[in-house]
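Asker: Protein chains in written order, with our numbering: chain E, 1 to 134; chain D, 1 to 422.
Honestly, the hints are just simulated from the structure, not real lab data. No residue lacks a Cβ here, since even glycine has one placed at the ideal position from N, Cα and C. There may be inaccurate statements among the hints.
[To be verified] Computed Cβ-Cβ distance ranges for the label pairs, DEER-style:
{"hint": "1", "chain 1": "E", "residue 1": "62", "chain 2": "D", "residue 2": "288", "range": "53 to 63 Å"}
{"hint": "2", "chain 1": "D", "residue 1": "249", "chain 2": "E", "residue 2": "122", "range": "45 to 55 Å"}
{"hint": "3", "chain 1": "D", "residue 1": "345", "chain 2": "E", "residue 2": "121", "range": "52 to 62 Å"}
{"hint": "4", "chain 1": "D", "residue 1": "158", "chain 2": "E", "residue 2": "19", "range": "35 to 45 Å"}
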Amino acid sequence: MKYMLMMNVPGRGPYQIASWPAADITAHIAFMRDFARKLSTAGELVGAEGLSGPDQAKLVRAGAGGEPITDGVFPESKEFLAGYWIVDVDTPERAYAIAAEASAAPGPGGKALNLAIEVRQVMSGPPTDWTPGA
Amino acid sequence: MIPRLDNSAQELLRDLAPTVLGALLRRYRDFSGCEDAVQEALIAAAMQWPTQGLPDNPKGWLITVATRRLTDQIRADTARRLREHLVVSLIPADEQIALAADAAGVNERDETLDLYFMCCHPALSESSQIALTLRAVGGLTTGEIARAFLVPEGTMAQRLTRAKQTIASAGRTFPELTANDRATRLPAVLRALYLIFSEGYTASGGDELCRLDLSNEAIRVARLLSGLLPDRPEVGGLLALMLLTDARRAARAGPNGELIPLDEQIRSRWNRERISEGKRILERALAQGAVGPYQIQAAIAALHDEAPSIEATDWPQIVALYDVLRCHDSSPMVRLSRAIALAMVNGAAAGLAALDELAVDPRLSTHHRLAATRAHLLERAGRHAEAIDQYRRAAQHTTNTPERNYLLLRAAQLSDSLTQPS
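When you get a sec, could you build the whole thing from the sequences and use the hints?
Answerer: Below you can see the structure in the form of structure tokens.
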């Protein structure tokens, strides 16, 4: 079963990586790199992406003629999605364990950030023996 | 275990792919069908040659097999759907000989060239031109191209299918290209090759092991093109630019993909062989007259490659070359690069003044490169607090992970040195 692990970080607070000392930034980057490599080697990683910062993010809705109506920029205090992993694991417990590991990524002073990682199961296709109405 | 083709045979296969496809297209015209048939012939070769040895005439063998596949397809339309399930049939040895008429000929060069021009049809988007060039000229499989660009195989297959449909409906393709078509499409071909090269050079994501080396592929295809068009100086200019840039590849990234700027690169790790080959090709191109933007950029790359250090670089000459380049390419990135060179000649303040002039250009005012360049010059000028601010600004705006990490670290190191003076 596949799970999406979403790393939501607060707009203010400990995840302001730009203000960390160089050694802490290096440690954080190395942690994330090794984390992805480990998941990949274990055959559990489906995909992972980091997202660019929220300062240029926009909310888009269709206007009356289908044209894009954009809204943004958002207040700094809002939580934002910094990146995600999609993992393919045998049990939900394994997905939680992976999420906990990501949550413990090092922050300033090497201290674990303890970020909240949102874990959501990815919808799957119908089973092979499924027939409509059965 | 299935025996695999050695590298030189794989290279031979890929080198022959455009010629074989060109020969088939001249006779059958159906691009999609011909292209599928050539792919199947390449697969057949990859399976049969390791055990049966290289045929005496590899190109003739491929043309024979591809022609057979194409006629099979025309006979039975279902062949396409069944293709994946078919075990590649063995071809009797007596049929593995060339078609005499196609073995060589005056038209072969034009056929192969027209393939490049068709792949870069003006009706196609750049991403489609690139994908089609890799597939038709490079002889790569859809899966290989998809992995190289980190997109799902189904997405890449659709992109290729749509590209072929666009070409078919746009008309005037193979073999109806006029001399005028060929002249006007050459820049698009060069640009597609350059983009393939850049993708390979700057890409960071993905698993290196299963990722095809796009830079080497672009260089290989540019070499083929240069062999077909030895009298076009910009083709040589592009090949030289690729070689002279690629020469620095081993030095420009650390063990974990972190970016190393030019002034911190260990220059002994630069590839001397590539540099001298690139310089040789550039000199020949420049001697042909008709200087173009690729030759100028190659000349700038050559000046960097020749210099023993950042300080010993011929910066006045680089500024002069950027001035010439501006006449061909008015993009703000050229002016940005010129400002950096100018700072090396006349000092950081002169460079910063040039940047201020650039900042009014809306294409550049919020671009991370402008902030990153300003940060570097401010740091050199000793204005560290402002430099930190600009590094962070640049980090916020870049969408390239290694670059963002580099900029964040640069800001943090400066900031560390301000708070704990050593």
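Asker: Hints first: check each against the structure and report whether it holds.
Answerer: How the hints compare with the structure:
Checked against the hint of 53 to 63 Å, the C-beta distance between residue 62 of chain E and residue 288 of chain D comes to roughly 54 Å, which is consistent with it. Restraint check, residue 249 of chain D to residue 122 of chain E: a C-beta distance of roughly 37 Å breaks the suggested window 45 to 55 Å. Look at residue 345 of chain D against residue 121 of chain E: about 60 Å separates their beta carbons, and that is inside 52 to 62 Å. At about 44 Å, the CB distance of residue 158 of chain D to residue 19 of chain E agrees with the hint of 35 to 45 Å.
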